[in-house]
Each structure stands twice: as C-alpha cells, then as structure tokens.
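A.B. asks: Okay, here's what each chain looks like letter by letter:
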Amino acid sequence: MINFSFDGKTYQAQKGDTLAAALLRNGIGLVGRSFKYHRPRGIMTAGVEEPNALVTIGDGGRSEPNTRATDVFVYEGLVAKSQNRWPNLSFDIGAVFGLAAPVLSAGFYYKTFFGSAKRWMFYEYFIRKAAGLGNAPTKTDPDHFSQRAAFCDVLVVGAGPAGLSAALEAAEAGKRVILVEQDNILGASLIRDGQDRDGAWVEATQARIRAAGGRILTRTTASGYWEHDLVTLTQRIAEPGQIPPHGVAQRLWHVRAGQVILATGSIERPMAFAHNDRPGVMLSQAVRTYVSRFGVVPGKSVVIATNNDDAYKTAYALKAAGAEIVAVLDARPAPAGADSGLPVYNNAVPLSTNGARHCLKSVTARVNGLTQSWNADLIAVSGGFTPVVHLHMQAGGTLDWNDAAQAFVPATSRQNVTTIGGAANPDPVFNVVPVSTPKKSFIDFQNDVTLSDVDLAWAEGYRSVEHLKRYTTLGMATDQGKLSNMAALGRLAEKQGVAIPEAGLTTFRPPYTPVTMGLLAGAGAKDAGAHVRRLALYDVHAAKNPIWQPLGYWFRPRAYPMGSETLAQAAMREAKAVRSNVGMTDVSTLAKFEVSGPDAAAFLEIICATTVGKLAVGRGRYTFMLREDGFVFDDGTVWRLDENRYLLTSSTGGADRMATHISYVRQYLCPHLRVSAINVQEHYAGIAVAGPQAKATLAVLIGEEPPRHMSTVPAMISGVPVIVLAASYSGERAFEIYVEASHAAPVWAACEADVAKQGGALYGLEAMEFLRIEKGHLLNKAGGYVGASGLSRPALSEAGRRQLVGLEAIEGNIPEGAMLVTGEGVSPQGHVSAAAFRILDGGSIALGQLTDGFARHGEELIASSPTRGQMARVRVVAPHFYDTAGERYRD
Amino acid sequence: MMQFTCPHCGPRDQAEFIYERTVDAVVSLDATPEEAMKSLFTRNNPRGVDEEIWRHTYGCRAWMVIVRNRVTNEISATRAVGPEALP
Chain X
189 MINFSFDGKT YQAQKGDTLA AALLRNGIGL VGRSFKYHRP RGIMTAGVEE
239 PNALVTIGDG GRSEPNTRAT DVFVYEGLVA KSQNRWPNLS FDIGAVFGLA
289 APVLSAGFYY KTFFGSAKRW MFYEYFIRKA AGLGNAPTKT DPDHFSQRAA
339 FCDVLVVGAG PAGLSAALEA AEAGKRVILV EQDNILGASL IRDGQDRDGA
389 WVEATQARIR AAGGRILTRT TASGYWEHDL VTLTQRIAEP GQIPPHGVAQ
439 RLWHVRAGQV ILATGSIERP MAFAHNDRPG VMLSQAVRTY VSRFGVVPGK
489 SVVIATNNDD AYKTAYALKA AGAEIVAVLD ARPAPAGADS GLPVYNNAVP
539 LSTNGARHCL KSVTARVNGL TQSWNADLIA VSGGFTPVVH LHMQAGGTLD
589 WNDAAQAFVP ATSRQNVTTI GGAANPDPVF NVVPVSTPKK SFIDFQNDVT
639 LSDVDLAWAE GYRSVEHLKR YTTLGMATDQ GKLSNMAALG RLAEKQGVAI
689 PEAGLTTFRP PYTPVTMGLL AGAGAKDAGA HVRRLALYDV HAAKNPIWQP
739 LGYWFRPRAY PMGSETLAQA AMREAKAVRS NVGMTDVSTL AKFEVSGPDA
789 AAFLEIICAT TVGKLAVGRG RYTFMLREDG FVFDDGTVWR LDENRYLLTS
839 STGGADRMAT HISYVRQYLC PHLRVSAINV QEHYAGIAVA GPQAKATLAV
889 LIGEEPPRHM STVPAMISGV PVIVLAASYS GERAFEIYVE ASHAAPVWAA
939 CEADVAKQGG ALYGLEAMEF LRIEKGHLLN KAGGYVGASG LSRPALSEAG
989 RRQLVGLEAI EGNIPEGAML VTGEGVSPQG HVSAAAFRIL DGGSIALGQL
1039 TDGFARHGEE LIASSPTRGQ MARVRVVAPH FYDTAGERYR D
Chain D
9 MMQFTCPHCG PRDQAEFIYE RTVDAVVSLD ATPEEAMKSL FTRNNPRGVD
59 EEIWRHTYGC RAWMVIVRNR VTNEISATRA VGPEALP
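Chain order of the listed sequences is X and D. So in the working numbering, spot 701 of the first sequence is number 889, and the numbers just go up one at a time. So in the working numbering, spot 18 of the second sequence is number 26, and the numbers just go up one at a time.
Keep in mind that a hint or two might mislead.
Stated by the list, open to error - Over 12 Å on every C-beta distance to chain D, these chain X residues come out as not near it, computed from the model: (1) Arg554; (2) Trp562; (3) Ala691.
To be verified - Covered by chain X, according to a simulated footprint, are these stretches of chain D (three or more residues, beta-carbon under 8 Å): (4) 29-43; (5) 57-71.
Since the hints were derived computationally from the structure, they do not count as laboratory data. We put the CB at the ideal spot given by N, CA and C, even for glycine.
If we strip away everything but chain D, and leave its shape as in the complex, we get (with noise of 0.2 Å):
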C-alpha cells in the first residue's frame, strides 16, 4: 500500500484514497467528439511516470492530481485541484 501526501491533510495510506483516472482521460465540456474518443478510448499507458487523478475520499475528499511513476510508484508531485486551486 503506497502512501501519498495529501495537499490539505498531509501523509495518508492509499487505501484512504480511491484512484479517478489518468488527466489524458478528461473529457473536457467542450471536447468535440473525436476528442471525447480519443480521451475514452485510445489515451496513453506510459511505463513511468504519469499524472493521475485521486481522490481522498476516506478523509477530506479533496481531488488531486498524483505525478507517480508507475514502475517504482515513486511520487514526483501532488498538486491540488478545485475551486480552492483557482489561481
């Protein structure tokens, strides 16, 4: 079990966390179909790192975005999302 550094309650076991998908895998509002496909269907599955999207469900259920690398799980960054992200 990893354990990731959440931005507002700081270091927690993953199973406090429940995983949302890869950020390629957003569908923005206003993708145009071909994007939505590609999005859903045909993202990418990089060995290494890449950006995932976590929520803390089992404890403030704040998003995030996690920078993980995939092979050695190391944790590059977490960064926060939402309204309270905003610039």
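The following block holds chain X by itself, in its conformation from the complex (with noise of 0.2 Å):
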C-alpha cells in the first residue's frame, strides 16, 4: 500500500495506481472545480487528455500546478490538493458564478473591455479573485533538470501494440531504434483491452526490442516535431512534486531521427447533452482503463452511450467486474451484431444528467423519439475517435478526412514521418448530432465553453474557424483542446452548412502536454543564463574590492573605493590624479585583430573609413569603420607593427560584431586577398596608463624612451615581451601595453608599483566616462571601403539632422537624457547624451546632439529633464572642454 495525501487527507493507493485511479478507488468522485463556472468536476479520462480532475501536486518549489491527476503515478508521500474552489472543494463560494452563467458567456471580457471602464474595473476584482487553476510555485525550484541529444534512424511514438511492432521489425533489422512511451508501462491499448492479461507479448517484444540495441524510454512524451526530423522528448525521471533519486526531475531529449513512425493511437470523443460535465460522466474507454488496468470499477449501476461498437468492450469488462449496466445507448438505429446480452437500445442519444451532490444520480435519453431515464451512478460516453495528429501537423503535415469514423487522418507530410495504427485507422461510427439544450452542453471542459456559446459567436458574425476559437476560448485550455476540438468544428460547419473539412482546422504547435518551463531552460537557467568572461587580470582586480560593472558579458572595475568613498567620490579623485599625475586601468577587453600578409594594407584600407594604408612602420592613427549603409559602426586604432603586420582595435561593446563583420569582409567580399585577421581580443590583456607623468612611468618602466604619441615600440617590462602603443582617449599622455594574457600579471604588478612610487591611482570606468566626455572624443576619404556608397545617400547631409555639440551649465546642473529646448512649451531640438562635470575645475558639462549644432555654437538653451524634476541652463559650446588644442598628449 502507498499513502498519499488529497485536500490534507490521507489515504491509500496500490502499486502503479494514477493518482485519478487512487482517488476513484477510494470513492473520491468530485476533484476540483471549473474554471469560470466553478462547476464541480470529476475525473472523464484514463489519460493526458483530461480536462477535469487538473490538481496542484507538490510543496513549495517543487509544487505543480495543473497536473493531470490522470498523469501522474502515485509515490509514497504524494501530496495533492484540489483547485479553483473556496473555502473548499464540496462548498465553494465561486460556485455562484454558475448562477450566473448567462453573464458569463462567449466574449465576456471583450464585451466588457470595450464596454465602459467603470463596468470593467467594477468585475475586474471579482474576477481576478475567482478566475484561474492552480497558483504558480513562487519558491525556486529545488531540482535539476538535464537536456541530451540523441539520433536514431528510426524514432516510434507510442508503444501500443503498433508502435511495439514497428520498433521490434525496424530494431531486428539493424536500425538504431528510439521507443517512446508518456505512460510508465508498455502496451497502451493490449493493457486497457486485457488482450495481453499476463504482459507476456509486450514483455517479449521489449525484450526483443532492447536485445536488438533499441532504447525504449518511458514516461517520455515525444512533445514536439520540429524541422528536419527534430523531435523533442520530455521524459519524467521522477513524477511531479517527489524528490528526484539523483537531483534530476526530468531530462529533455533533443532527437534527430532518420525517420519517425507515429503511432499515438487516438483519444475517445465526448458527447454533447446537458450536465455532461458532471463527476460520474466517464469516457468509455477510461472507463474501461480503470476496470481492467487498475482493478477500480467507478460506478455500480452504468449507463453505456456509444455511436460505435468499441464501448460494447466497456460494457462487458464493467459486468465481469461485477457492475450493473443498466442500458446501452446506441446511437446508432439497427443493432450492431448479434445479441450482447446487454440492455441494448438503438437510436438513443442521452439528453442530460441529474444529480444530488456531486455525484450522479439518473440518466435521460431520448429513445426513437421518446425520452426515458435510469437511475444510475456512472456513465460511459463514446461519441467515436480522434486520432492523435498533433506531432504529423507540427511536422508540417496536412490532413484526409474519414467518413466513416467522421475524423481527420494524417495524409501528406513534407518530413520523414509516417503515421500508423489507430492514430491512422480510427473506428468507424455513426455521426451525431446533439440535440438536447446547447445551454449546459460543455465541449470545452477545461475552458468552460458549451455549445451555446459556439452558436452565440456565430449569431455575433465570428464564422472562421480562428475567430471563433479565441472568441469563445475554445481549445486554449492546457489541453489544447484534445476532447473540445471536433465537437465544436461539428457545430460550426452545422451551423456553416458544409462538411467538416471545409469548415478549417485550427493550427497544432507544440508543445502536445504541458511542458515545464525549468525543463526548457536546462542548465541556463539561474546563474548559468549568460556566461561570465573574466579579464585575465580579474583576480589582480577583485583582492582590491573595485565597485564591478557589467559590460556585455564582461565585469570590469567601475571604481576602486578607497574607506568609505562613494563611487562618484572614488571616481573624481581617480580621474584628478590622471588629469595632475598619472593613472592606470585594465583595458584588456578592447577588441583587437592581427591582421597580417602581403594584402594586410589593402584589406584594412577596405574596412576602415579613413586612409591607413600609408602609416609608416611603428606609427598608429586613429580609425573609424561605416555600416554599408553609411552610420558609424565603430572607431578604434590601427597600428603598424611590422612591414605586413598590423593591430586594430576598435570598441569592447562591438567586438563581437565587428570580428563578424571583419571575418565576413574578409571570407565572403574579398577571399583573393592574401590576407589573415585574427581576433586577439583575449590573447592580449592591456593596460592603459595615462596623465602628465605617464611618459616617466613609461620610461621607468621599459628602461628606455617611451614612444612618442601614435607611435608603438617592441619593449619588456619583468622579463615580458609587450608592445607600447602611445595613445589617448583621456586627453592626456597615455600609452597602452599589451601583453600575453596569461603573463599580464607581473607587467601589472610592476606597472603599479611605478605608478604608486609616482603617487598616483588606478582608475576604473566611471573615471574614464568623466575624463572622455570633458575632452569630447571625435575625417574620411573617397571611397573604396564599406560604407562608402551608403555614406553617399542625400538624406545624410540634409539640412535639419541633429549633430554633436558641447554643452555648459550656466545655471543648474544638466541632467543626463534631458531634452534641449529654446522655452517652454516649444518642441525638443536636441538631447543630452552623457553629462559629467569639469575633473579640475568644477563645472557641470555634457555632450548632445542640437539639430543643425555645429552652426549653433553660443547660444543658449534649456536642458529639461521633466521625468526627473531637474532642469539646467545651458549654452552650446564646441564639444572640447579641456586642452582644445589637443597639446597634453603630444610630446
């Protein structure tokens, strides 16, 4: 025996026991409550098609809500509690709503959202309160959940009878063999019909199967058919809400199959007539699933409804176990075969049910004309078949439609895939048309969606297949409409005046059941969703505790904080010492390429947008690269290193672009070149160090004359090869080394040994934003690299195109993202796109782009920021607020 717990109430289950067969085992008929009516629910199904019996199993983290109670198998310790009810399950409060079903109906919430706000906002509460299943866990999900690729030649879904038989032939005939199950078993069907009472042939055949090098996973869902034969399996390692023997909860499987055989059987339909929704309203074949798998006989006096021979089956198990049945409505008007022994009557179709309760108590049916009812506790409908189409749809397949088991069949698929078995053949039945009130005729249990209201989007002039399924909500429950679909494209195509097949199919996407989101996520999920890369100087960095900021997917110091300094304490005096003496930072994350070969001059002349084919050996120019379109790409350096070897750098944001775009210039536009580019970005770290006394360092440093600015020199610092290269984005002296990563560290140690004997600082990032905005960092020549034509396009010089201007504060600080206006009430002529403050003299400062700026210079303006309450008088200056004549840096 296994314990398990429902609503807080122990009790028992068998071995292999769902958690719908416990339940009903234990007499536990009423399991939740519909999700707009509140209506009480039983279990309907056998399978993951249920609509009904949905629960929230599990505790904390691990709790699941919406499980199919069909679908899970009970373990020691299950927890399960029912859902959407109020103070509880028998008496719920929301039950109120079924009173008033009429104000409920098909497009509710659109009437009520176009209707006038206040009528919304008065529902809004009431329904926000009652609507909804189960609650999502908020507690992290304590388990792991793995993913894995796979390939076969042959991949079978479904192992029913069909499926067994395809993989054992494509298994003994050396195919590599992938067999997937969603039950815990093998067998589906054999198991349902006892034709394979002991096991005896499905235990042979998987025998079979596994001696021949086939794997069989059970518990596997195939839940999607993606392009190119890709099948994505989710298989449950451990059932919802129990702790995982080894941490993992469930494994998606990735499989790439050389051909895919469905064979995913079918799923029995519903009938439509008033109460159907009612516990003790059973699919036929659940019915049967429960008597003859599970040893559970749900009701004692049952009527059969049928339109096919298959429910005949249900009848006979149910008797030998012992249960009345006390009439067979066949739909059908002449007996199907010779006398069953059975109450059988012949063009009965039920009207409703009633019931005292929550369980049922009599059935009414409409019998050649006439109405009769029977007292009974269970009733078994089978209303025909639909086969299971959804993976041969994903697959980009198209559909046949059978008469004869008025279904649609899989046909033509532009993918390996081939459907067999019952999901191919369904039985034949006879067509019903419902006949009793459409009002408390559910089709969509899940959803809460009856017949009347199919017929009262129709009446609204919804006539497509698409509108009227997310005007009523028809299917889009987490079923998806398994049990719903048909029954509502019936009435449509009734009420169209066509044949089902012309009244459209709505759209089959994955995933087939419900997926968990962890399971998706895998190993991405917390903190493994974006990797880390470390500068090779990270550990140097983090003994001394910096104020780190994200910069893509690098960390880089923002700041060193030295006792209780803020960050824009920390970064002023870090920007001071490099405007008065000499600072140091990390600049190891600038993109740089190698570009090397007897065509390295030409290949950069076609990538930069200025003339650098010319620079002498050991001389540098600044440099900047177009989109073929004509905007800026990037900016950067390039360097003459030797007669056909250069450096080029450009920005830490856009390396990962710019060695795309370097690498498709290079393969793709001029493969003839004789040329190699390299992404060096992580072979080199680099350290910049920058201010009036950088050059002194230097020369300490490398024991010789520092290169002079836009010059680079071969040199060693502690026994290290570097390359010097002398260049500035701060406005003063600055030379940047650069160093095999992994021997960075003793060149960074000597650097900061000299640069404190100097007395002066590192500085991070928020320093350099300050040093580079106060010296407003920014010619190209006739053609020949990308962007040029696009640079050409008129629209590019117009008159009117915002441009960049400095700004300075005559009253008031500006704010950064401020509008730049002329007064009030006068539209923005312009932005603030980064604002700081003079590093030595004080003074708030910033840069923008003006409309027509360059010829603005001197007058003055309003920087408003209304978002932030701040405003600034302004006057547009030339965007260079220190050294204008760019002497500081030069030597």
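Fit the two chains together into the complex; they arrive one by one in their own frames, and the hints show the way.
C.D. replies: Structural data, given as structure tokens:
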C-alpha cells in the first residue's frame, strides 16, 4: 500500500495507480472546480487529455499546479490539492458563478473591455479572485533539469501494439531505434482491453527490441516535432512533486531521427448533452482502463452511451467486474450484431444527467423519439475517436477526412514521418448531431465552453474557426482542445451548412502536453543563463574589492573606492589623478585584431573609413568603420607593427560584431586577398597608463625612451615581451601596454608599483567616462571602403540633422537624458547624451545632439528633464572642454 | 531546428550557425550608391527558394551559401565560400 494525501486527508493507493485511479479507488468523484463557472468536476479520462481532474501536486518550489490526476503515478507521500475552490472543494463560494452563467458567456471579456471602463473596474476585482486554476509556485524549484541530444534511424512514438511491432521490426532490421511511451508501462490499448492480460507479449517484444540495441523510454512524451525530423522528448525521471533520486527531475531530449513513426493512437470523444460535465460522466475507454488495468470499478449501475462498437467492450468489462449495465444507448438505428445480452437501446442518445451532492443520480435519453430515464451512478460515453495527429501536423503535414470514422487522419507530410495504427485508421462511428438544450452541453470542459457559446459566436458573426476559437477560448486551455475541437468544428460546420473538412482547422503547435518551464531552460537556468567573461587580471582586481560594472558578458572595475568613498567620490579622485599626475587602468576587453599578410594594408583600407594603408612601420592612427548604409559602425586605432603586420583595435561593446564583420568582409567580399585577420581580443591583456607623469613612469618601466604620440615599440617589462602604443583616450599623455594574457600579472604588478611611486592611482570605467566626456573625443577618404556608397545617400547630408555639440551649464547641473529646448512649450531640438563635471575646475558639462548644432555654438538653451524634475540653462559650445588645442597628449 | 550540412564539418544543428543575409543583399565593394541602396533596402523576399549566407559560428566559423526553400525548409545545395573555395 502507498500513502498519499488529497486536500489534507490521507488515503491508500495500490502500486501502479495513477492519482485518478487512486482517488476513484477511495470513492472520490469530486476532484476540482471548473475554470469559469466553478462547476463540480470529476475524472473524465484516463490519459493526458484529461480536462477536469487538475490538481496541484507537491509543496514549495516543487509544487506543480494544473497537473492532470490521470498523468501522475502515486508515490509514497504524494501531496495533492484541489484547485479553484474556496473555502473548500465541496462548498465553493465561486459556484455562484454557475448561477451567473449567462453573464459569463462567450466574449464576456471583450464586451466588458470595450464597454465603459467603470464596468470593467467593477468586474475585475471579482474575476481576478475567481478565475484561474492552480497557483504557480513562488519558491525556486530545488530540482535540476537536464538536456540531452540523441540520434537514431527510427524514432517510434507510442508503445501500443502498432508502435511495439514497428519498433521491433526496425530494431531487428539493424536500425538504431528509440521507442517512447508517455505512460510508465508499455502496451497502451493492450492493457486497457485486457488482450495481453499476463503481459507476456509486451514483455517479450520489449526484451527483443532491447536485445537488438533499441532504446525504450517510458514516462517520455514526444512533445514537439520541429524541422528536419528533430523531435523533442520530455522525460519524467521523478513524478511531479517527488524528490528525484539523483537530483534530476526531468530530461529534455533533442532527437534527430532518420525516420519517425507515429503510433500515437486516438483520443475518445465525449458527447454533447446537458450536464455532461458532472462527476460520474466518464469516457468509455477510460472506464475500461480503470476496470481492466487498475481494478477499480468507478460505478455500480452504469449507462453506456455510444455511436460505435468499441463501447461494448466497456460494457462487458464492467459486467465481468460486477457492475450492473442498466442501459446501452446506441445512437445507431439498428443493432450492431448478435444479441449481446445487454439492455441495448438503438436510435438512443443521451439528453441530460441529474445528480445530487456532486454524484450522478440518473441519465435521461431520447430513444426512438421518446424520453426515458434510468437511475445510474456512472455514464460511460463514447462519441467516436480523434486520431492524435498533433506531431504529424507540427511536422507540416496535411489531413484527410475519413467519413466513416468522422475524423481527420494524416495524409501527406514534407518530413520523413509515417503514422500507423489507430491514429491512421480510427474505428468507424455513427455521426450524432447533438439534440438537447445546448446551454449546459459542455464541449470544452477546461475552459467552460458550451455549445450555446459556439452558437452565440456564430450569431455575433464569428465565421472562421480561428475567430471562433479566440472569441470563445475553445481549445485554448492546457489540454489544447484534445477533447473539444472536433465537437466545436462539427457545430460550426453545421451552422455553415458545410461538411466538417470545409469548416477548417486550427493550428497544432508544440508542445503536445504541457512542459515544465525549467526543463526548457535546462542548465541555462539561474546563474548559467549568461556566461561570464573574466579579465585575465580578474584576481588582481578582485583583491582590491572594486565596484564591478557589467559590460556585455564582461565585468570590469567601475571604480576602486578607498575607505568610505562613494562611487562618485572615488571616480573623481581617480580622474583627478589622471589629469594631474598618472593613473592606470585595465583595457583588456578592447577588441583587437591582428591583420597580416602581403595584402594586409589593402584589407584595412576596405575595413576602415580613414586612410590607414600608408602608415609607416611603428606608427598608428585613429580610425573608424562604417556600416554598409553609411552609419558609423565602430571606431578604434590601427597600428603598423611590422612591414606586413598590423594591430587593429575597436570598442569592447562592438567586439563580437566587429569580429563577424571582419570575417564576413575577408571571407565573403574579398576571398582573393592574401591576408589573415585574427581575433586577438583575449590573447592580449591591455593596461593603459595616462596622465602628465605617464611618460616618466613608462620610461622607468621599459628602461628606454617611450614612443612618441601615435607610435608603437616592442619592449620588455619584468622580463615579459610587450607592445607599447602611445595613444590617448583621456586627453592626457597616455600609453597602452599589450601583453600575452597568461603573462599579464607581473607586468601589471610592475606598472602598479611605478604608478604608486609617482603618487598615481588606479582608475575604473567611471573615471574614464568623466575624462572622455570632458575631452569630447571625434575625416574620411574618397571611397573603396565598406559604407562608402551608403554614406553618399542624400539624406545623410540634409539640413536639419542633429549634430554633436558640447553644452556647459550657466545655471544648474545638466541632467543626463534631458531635452534641449529654446523655451517653455516648444518642441525639443535635441537631447543630452552624456553629462559630467569638469575634473579640475568643477562645473557641469555635457555632450548632446542638437538640430544643426555645428552652426549654433554660443546659443543659450534649456536642458529640461521633466521626469526627474530637473533643468539647467546651458550654452552650446564646441564638444571639447579640456585642452582644446590637443597639446597635452603630444610630445 | 533545422539541420545544415557544413561543407567542412558535415551535418550539424542549426543552433551552431548564424544567419547573415541573402546573397542578393550583399553590397559589393564596387557597388554604385544606387546598387547599394537596392541591395540594402529593396531586395527580394521570395516565398520559396532563396540563397542565404550562413556562418558556422559555433563550429568551424566558415561562411557558406545555403540554398533553402523558405516554405518547406528543404535544403537543395550548400556551397563553401572564402579563399579555400576559390577556383
């Protein structure tokens, strides 16, 4: 015996029971409340198509709402709770919505939204409280979800008789086979129908498939069929809410198959009659499953309602188990075969059910035009069979209409997929047109859609099946209309006066059954969502406890606060050190490319918008790159290290984009060039030393005269070979030292020691921003480079474009992001893109974009940020606030 | 997810590749401004077969042209580009 609890009470289950079987075994018929009307609902099916018996399983982070009781196998200690009821399941205050059903008919939300806002405000409070099913867990799921790729020649989905046979044949023909079954045992209809009672055939077949090298996965659902025969499988290793044995609760398989065989069977259809959603109304094959597989008889006196032969098997199974068959309502006009020994009524369809205290009491039917009733506690319904064509349709297949079965069956597919068994050849049925009052005749049980809702949508002009679906929410619940879509299509076709295939179909989308979000994230959840790129000197920085700043996937020091310094205080101190003495910073993340070969100069001329090909060896130049449409792509520097060897740098943020661009230009646009362009971003670590004392510091470090501005020399620091570039981004005399990343630490240590000796400081990104804004850092050639033709577009040289300007405050501090206006109530003519303070002299300054800004220097404007409630009077100036002659960084 | 056959590595998942553009959207280095604008802004978008440039970014990083039917995803040809593919 296995102990489990439902709504706080402990019950016993048998080994192998689903939760639904265990509840029925304990005489529990009422399992949940419906979504919209809070109607009492029980167990309707024995499979994944279950619309009613949705429960929350488990506790805390492991809790799983809206789990089908028919799709959970009971384990010791399972905790299940009913949903959508308050204060408890048998007395639910929300059931008053049932009385208010006419108010909540199809399109209720649309009508209320489009009605007066007041009306919606009034309803919203009650609806938010009452609507919805289970609650999503608020705690983190403690379990892991793994992902795995697999390949096979033949993937067989479904381990019923057809699937087992197909898998066996393929495996014994030497093919690599994967067989998947969503149930926890193989056999499907063989078990339900008791055809393989001792399990011998299934057992033997399974052993032979395994012996031939086939892989069999149970509790595994083929949930999505994607392009080029890729099928995703969701494998449950632990049941919902269960503590997984090795930490992994579920596994997502990506299977690339040579061929896919779908043996997915069919789903039995309910029938539409009044109160067909009452606990005690169950599908016929489900009843048979509970009787034959689980040994649970869900009713003592049973009415069977059918339009086919299959339901008779249910009657015999019930009879053999000791239940009384009070009536077999067969919709077909004449007896199907020899006398069955059952009380069969032909030309008989159910009209309604009656009940009390959430139990079924009687069934009323129309038999040959006359109304007749029977007392019964269970009605087993079979309205025909809907082949499970979901995967076939996800694969881009088409459907044929099988008139005898009143069902769509798979036709052609553009992928390598075949459907076999019941999914391809459903049993023939007799077409039944619902006759009873459509008001309480549910077709979508989970979303509470009735036949009258379909009628209402039609009356209001919703003609297409897609519109009908969205207006009524039919088929949009977690069961995705597995039971309901055909009934709705039948009704729509009837209204349109056409055959069902002409009424159209909605789209089948993955997943076939609901998939846990964590499974899709897999190992990418939590901290592994994005990778972290660490600087080669990460440990050196970390020891100084800096404020880190994410920059793409990188983390760089933003400032190195001392004592109780704030970020702004630290950054200003660091910037002052650069302006008045010397500072050093890590610039390793800059994009770097080594371009070499006889055509290196020609290649750089194509990449860069400025002339770079005529550089002398040992010299460098500032440059920028354009996109093909003429807009700036990135900027950087290019250095000629040797006769045919150049170093190209560009920005950190654009590094990956630039790497792709360079590769595209080299490989696709100029394959004929004799050049190699290698991404050396992480090969070199970079250290920048800047400030009036930078030159003196460098001279000590490298033991020779440092290179002149825009020159480069190879040198040695602490016995490590380095490349020293003299370039300035800060407006001061500055050098960049590049060293192989794995040898960066001793070079950094030597620099830091000498900078400290000078009384300098380390600086981070924040100080760098200050330095650059104050400096306002920004000529192209005739053509022949990427973007040259795009740049000649007339729109790019039109009057009225926004242009870069500097702004200095006359009064107040300039807020970043502020609009630039000439006065109150006037449209903005530009905006502030970056704001800072003068480092040595103080005073608020900024860079901005202003309409025709080049011609407006000297003008006074207002920089206004209404969202921050800040404004400043500003003067338009040239975008250089410091050393406008550019003398400080030269020799 | 589709499966492409990289000319250098063999069949690989689409996830290893990054799409660049269609062949008719390539702006050649000697394009006139009119030709460049046509490639950038008024290119074809056929419902059916088109030639696409992809890169095996998370594999060998080589570029290739894949001839793909956008409706059925049928791949009818894949050809290598770059210096190694020059005649």
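A.B. asks: So which of those numbered hints doesn't the model satisfy?
C.D. replies: none
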